[in-house]
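A.B. asks: Listed here are the chains, written in short residue letters.
There are 2 protein chains.
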Amino acid sequence: MNAEFVNPFITGLLNVLETMAQTTLKPGKPKRKQSEIAKGDVSGLIGMVGPQVKGSLSITFDEGLALTIMERMVGERPESIDGEVGDMVGEVTNMICGNAKRDLSERGFEFGMATPIVVSGKQHSISHQVDGPKLIMPFHSDEGMAHLEICFDK
Amino acid sequence: MNAEFVNPFITGLLNVLETMAQTTLKPGKPKRKQSEIAKGDVSGLIGMVGPQVKGSLSITFDEGLALTIMERMVGERPESIDGEVGDMVGEVTNMICGNAKRDLSERGFEFGMATPIVVSGKQHSISHQVDGPKLIMPFHSDEGMAHLEICFDK
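In order, the protein sequence lines correspond to chains A and B. First residue of the first sequence: 1, per full-length UniProt numbering; consecutive thereafter. First residue of the second sequence: 1, per full-length UniProt numbering; consecutive thereafter.
No lab work stands behind these hints, which were simulated from the structure alone. Among the hints, erroneous ones may be present.
In this list, chains with the same sequence are indistinguishable; a pair is considered to hold if it fits within one copy or across any two.
[Said to hold, decoys possible] As a list, the in silico DSS-like pairs of lysine-lysine whose alpha-carbon atoms are at most 30 Å apart:
1) K154 with K31
2) K154 with K29
3) K122 with K39
Fair warning: this is a prediction, and the values are worked out from it, not measured in the lab.
Taking the hints into account, I'd like the entire structure generated from these sequences.
C.D. replies: As structure tokens, this is what we get:
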């Protein structure tokens, strides 16, 4: 998994949050260790299946950041992570993956996207079950962190 | 989504746990409401992508049931949900989906499986983001509950 492959996902996340919620995330240092685990309060997950590879993507938000994104999108801050916040996270997940899919397709790399799944729960952790490379990318903001994780089976 | 389509997943779950961990689950009444949400302590999730449809599957276990399954498989009961329990849940998820994939392929219904993702966290909830039908199937055991959820986009 090289930068050319991962960058469209990172750009997608940054663009989606800038455009939808005027929120600028600061990318941190990517980690490739198998032992690294993304933790947060609400996550969007999506599976990817292509002729060459299969894999999975997750984007995990701290509660404060998720509520701020929601507030900037709809004008009102929810008290906690509810169904609407979950739908927003699912939609963001779909958009990140959809943007990357289009970009990578133009370079001859095709995959199909499964439907997204949203997980809510205080400080849950995500573990992608792949033998191949994992990339966890932390993003910082004043309202909390986000972790983007992209994994493929080879 | 009809019974013919869902049954291979249910049979797969029952068979995998019987075979791997001598654990018999009692199937409860399936629910189709969009508002139903599976809750539990450790979940395996997998995306499915086929030429006709895409969707997602989750299997969520209460902690007590997950630890009992692990104990029966390896002879020692972990104190809590750790990485090895997570790997077991990921493997079970893969086997349930793989069994159903083979069964459905024989009937002319093809899909590709993404790689599984495991989520750990006390009483997290799972929300599949699909417009199509959702089926949540509860399973009872003396050691806790499991919830199997299967969703497709049409």
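A.B. asks: Evaluate K154 and K29 at a C-alpha cut-off of 30 Å and name the case that applies: within, between, both or neither.
C.D. replies: Only inside one copy: K154 and K29 sit 22 Å apart there, 40 Å across copies, limit 30 Å.
A.B. asks: Within, between, both or neither: how does the pair K122, K39 come out at a Cα-Cα threshold of 30 Å?
C.D. replies: both (9 Å within a copy, 13 Å between copies)
A.B. asks: At most 30 Å between CA atoms: does that hold for K154 and K31 within a copy, between copies, both, or neither?
C.D. replies: within (17 Å within a copy, 37 Å between copies)
Checked against the numbered hints above, the structure violates none of them.
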